[in-house]
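Visitor: Could you build the full structure based on these sequences and the hints that come with them?
If you read the protein sequences in the order shown, they are chains A and B.
If you number the first sequence the way the numbering used here does, the last residue is 408 and the count never jumps.
If you number the second sequence the way the numbering used here does, the last residue is 332 and the count never jumps.
No wet-lab data here; the hints were simulated from the structure.
A virtual CB, placed ideally from N, CA and C, is assigned to each residue, including glycine.
Don't take each hint at face value.
Stated by the list, open to error - To give an idea of the chain B side of the interface with chain A (calculated C-beta under 10 Å), a few residues:
| id | residue |
| --- | --- |
| 1 | Ile73 |
| 2 | Pro89 |
| 3 | Tyr98 |
| 4 | Pro100 |
| 5 | Pro107 |
Claimed, not checked - Calculated lysine-lysine pairs in the PhoX-like style (CA-CA distance at most 20 Å, straight line):
| id | chain 1 | residue 1 | chain 2 | residue 2 |
| --- | --- | --- | --- | --- |
| 6 | B | Lys155 | B | Lys190 |
| 7 | A | Lys143 | A | Lys87 |
| 8 | B | Lys155 | A | Lys212 |
| 9 | A | Lys35 | B | Lys110 |
| 10 | B | Lys110 | A | Lys212 |
| 11 | B | Lys110 | B | Lys155 |
| 12 | A | Lys143 | A | Lys129 |
| 13 | A | Lys209 | B | Lys155 |
Claimed, not checked - Which chain A residues stay away from chain B? Per the calculated CB distances, all over 12 Å, these:
| id | residue |
| --- | --- |
| 14 | Phe40 |
| 15 | Ala79 |
| 16 | Asp107 |
| 17 | Ala164 |
| 18 | Pro167 |
| 19 | Ala236 |
| 20 | Pro264 |
| 21 | Trp270 |
| 22 | Leu272 |
| 23 | Asp304 |
| 24 | Pro311 |
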Amino acid sequence: MNPHQPTATEQSRLSLVRAAYVVARRDFRAILFSKAFLFFLLGPVFFGLVSVGAASIGRKAAENREPPVLAVAMEPGDAAAIERAGKRLAPLIDLPSMERVDAVAGDPARILDDSARNFGAVLTGTLDKPRLIGTEERIERWKGEVALAAAAARGSGTNYPEVAIQPVATSGASKKSARVGTATGALTLLFLLTMLLAGMVMSNLVEEKANKIIEVLAAAIPMDAVFLGKLVAMLAVSMVGIAVWGGIAGLVLTMGGNGIGPLPTPAVGWALFAALFLVYFAMAYLLIGSIFLTIGAMVPTVRDVQTLSMPATMLQLGVFFLATYATSDLGSPVETGAIAFPLSSPYAMVSRAAQEPALWPHVAALAWQALWVIVFVRFGARLFRRRVMKSGPQGARPKKRWGRATPA
Amino acid sequence: MHASLSASTLTGNTAIAAGTGPLAIEAIGLVKRFDGVTAVDGVDLAVPQGAIYGVLGPNGAGKTTTLRMLLGIIDPDAGVRRVFGHERPHDVARLIGYLPEERGLYPSMKADEAIAFLGALRGVPLTEGRRRGRELLEEHGLGHAADRTIRQLSKGMAQTVQLLGTLVHRPRLVVLDEPFSGLDALNQGKLEKMIRRMAAEGTTVIFSTHVIAHAERLCEGVAIIAGGKVPYAGSVDAARDRIPAQVRLETHAEDGRWRDALPADARREGRYWLFSLPESGIEPLLRALIEGDAGILSLSIERAGLHDAFVHIAGEAAARALEEETPTEQAR
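Guide: Next comes the structure, spelled out in structure tokens:
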């Protein structure tokens, strides 16, 4: 080797991770120590209200899509009679749909716990002495309807039998409904967090372009590292925000816990669900953020970024609706599609974590999502280099297409 | 006889012979097209280590695009570039300092932090970068500004901070894109000194400029770029030698036998005769003038300047474009 040539140590360059760290550290500090960050932390006030509203709507929607069924576990004659009566009355009154189950083998508790079915309560006994077993809320709601149906089945329109009630702590339907509620709530929260936080990435590279520092970055480190660093910095900022908001929410729950009541436990348990939620948030953020970062990087001004934010929000909404639609339909082609499509995959998997205890799909989904994060970041960085890092002053471009430039 | 022989612009530049000594930068047939328009068309460059090298051409000639390709900011569509022998410039990023034409720093950063950040991008630990940043600021009379944010600095001060950030990691190659633009005369002079000092310490400096005077004062080698092509790349001396030296003759006699000794391109301008130095040299001519009783009052040989060389090489149009850009800077 020529003695004037640089030595091997000198030739080494910053690794991708270290280069990304340099960018991320700068961005993280700049954002965290800015006054605007305080306003950013005020976001959850609006945020919490929207989440609660959306979760409630989602829960109702889930119930409407798959209403709970009354399991009839009576003697065959009584069961057939009450079923017929139910069908007769159905056009006149809003009765629960009924389904006959094996009266002998059917242990009411087991029937209610059958997560494959959506039984809200079990009707046993006779037409004269019907017995309704289910959650307190559900049997209170159905007691009158059952008495009406039993009376109609006996041929007496006015002599309503006394319905004995036997409350149980939970049922398959209520558990399922609660888990769907948890899934929808978590999905909505994930969507709102991603929408709020990933949108900020869009304007991120505009600062570098406006400050003209982008060329210094591009000359020193690979553009992949710039993109990755920016994404990670914003993710870290988001995590700080989530920690603060989560802390406040935890405080509120602790202080007003009795009034709020117990939260429905997700299928994988709270601890794992919280961990998965954070990981899927990171994935959703990195996936949508890398697209937003690329789009934002391609435009020259903040005004253009604002113009683009609407279609970007529409894209997120589309992803959200797809995942929400798949929530109550686990195992369906729609859900599989939502899991396979990279942008909706984190949402669909959060929903699954709330409803299904199996863990291996999460491992597979996370690997799949990580692969797409790499693809998106690399593609974005490459596109940025090809389209934006051309030549000439940025200011000389307004009459041209994005990225077109005159060589200097 | 009053004969004064002078070479008006001797700079002491040394010739750069291609293929001698290790190269800091080598480019072979670089081509770059943007949306079907060829911005750089087959550029060849060879910049020896330790040299001060200028890339000279009007705006739009392809200087910045060439530098960006050399630095790996953009990839060429064709051709090869090597920086310290590496085809991927990012592999030797820690050895390179780059000041882009469009300067810029994060406005909310303090001056010393900005320098440290630029150093960190090139592998200097942040604490070390901050220490070096403060030292550099002190050295350049900006010690008082170390704790000020960039937005609190004047434009000139911010430019200096960025230049110091370009040097904080002690690069072996410094690439400066139009470094003199936007600087007042005083700061241009300071920058020239800094470039000379870097070169004296063994650092290779390559800068683009559209001001011939800077290249002429500083550079050992130049590449002239016009229309994306490099019609000339080599030493400044060799560029100037492309035009024969001009002889300026003043005689006592108006006419006589001596007139026959003047070359065919001789023309009269006021009291003087101007013509290219004959290939045979000055001595036979002098002899003929004396023997022909010209009565020489003065005779000077003026070597062509880089500007004349530029006109000769790149053409009148390119020279006009160059002059139109910064008439005040040209006057310096």
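Visitor: Does each hint fit the structure? Answer for all of them.
Guide: Outcome of the hint check:
1. Here the hint on Ile73(B) is kept, as its CB sits about 5 Å from the closest CB of chain A, short of 10 Å.
2. Here the hint on Pro89(B) is kept, as its CB sits about 8 Å from the closest CB of chain A, short of 10 Å.
3. Below 10 Å, beta-carbon pairs count as interface contacts, and Tyr98(B) has one with chain A at about 4 Å; its hint therefore holds.
4. For Pro100(B), the interface hint holds, since its Cβ comes within 10 Å of a Cβ in chain A; the closest pair sits about 4 Å apart.
5. Checking Pro107(B) against chain A by beta carbon gives a least distance of about 7 Å; that is within 10 Å, so the hint holds.
6. Pair hint Lys155(B) plus Lys190(B) holds up; C-alpha atoms about 16 Å apart against a cutoff of 20 Å.
7. For the proposed pair Lys143(A) and Lys87(A), the alpha carbon gap of about 17 Å is at most 20 Å, so the pair holds.
8. At most 20 Å may separate the alpha-carbon atoms for a hinted pair to count; Lys155(B) and Lys212(A) meet this at roughly 14 Å.
9. Distance check on the hinted pair: Lys35(A) and Lys110(B) sit about 17 Å apart at the alpha-carbon level, within 20 Å; holds.
10. At roughly 17 Å between alpha-carbon atoms, Lys110(B) and Lys212(A) fall within 20 Å of each other, so this suggested pair holds.
11. The hinted pair formed by Lys110(B) and Lys155(B) meets the criterion: a straight-line CA distance of about 14 Å does not exceed 20 Å.
12. A distance of roughly 12 Å separates the Cα atoms of Lys143(A) and Lys129(A); the hinted pair therefore holds under the 20 Å criterion.
13. Of the pairs offered as hints, the one joining Lys209(A) and Lys155(B) holds, with about 18 Å between alpha carbons and a cut-off of 20 Å not exceeded.
14. Listed as a non-interface residue, Phe40(A) keeps its Cβ farther than 12 Å from every Cβ of chain B; the least gap is roughly 16 Å.
15. Distance to chain B confirms Ala79(A) as a non-interface residue, since its nearest Cβ pair spans about 75 Å, more than 12 Å.
16. No Cβ of chain B approaches the Cβ of Asp107(A) within 12 Å, the least distance being about 68 Å, so the stated non-interface status holds.
17. The beta carbon of Ala164(A) is kept farther than 12 Å from every beta carbon of chain B, the shortest such distance being approximately 72 Å.
18. Here Pro167(A) stays apart from chain B, with its beta-carbon at least about 62 Å from theirs, past the 12 Å limit.
19. Look at Ala236(A): its CB is around 17 Å from the nearest CB on chain B, clear of 12 Å, so calling it non-interface holds up.
20. Every beta carbon of chain B lies more than 12 Å from that of Pro264(A), the smallest distance being close to 46 Å; the non-interface claim holds.
21. For Trp270(A), the condition that its CB be more than 12 Å from all CB atoms of chain B holds, with the nearest at approximately 40 Å.
22. Against the 12 Å criterion, Leu272(A) stays outside the reach of chain B, whose nearest CB is about 37 Å from its own CB.
23. With a cut of 12 Å on Cβ distances, Asp304(A) stays outside the contact zone with chain B, its closest approach being about 19 Å.
24. The claim that Pro311(A) lies off the interface holds: its Cβ sits roughly 24 Å from the closest Cβ of chain B, which is beyond the 12 Å cut-off.
This entry satisfies every hint, going by the numbered hints stated previously.
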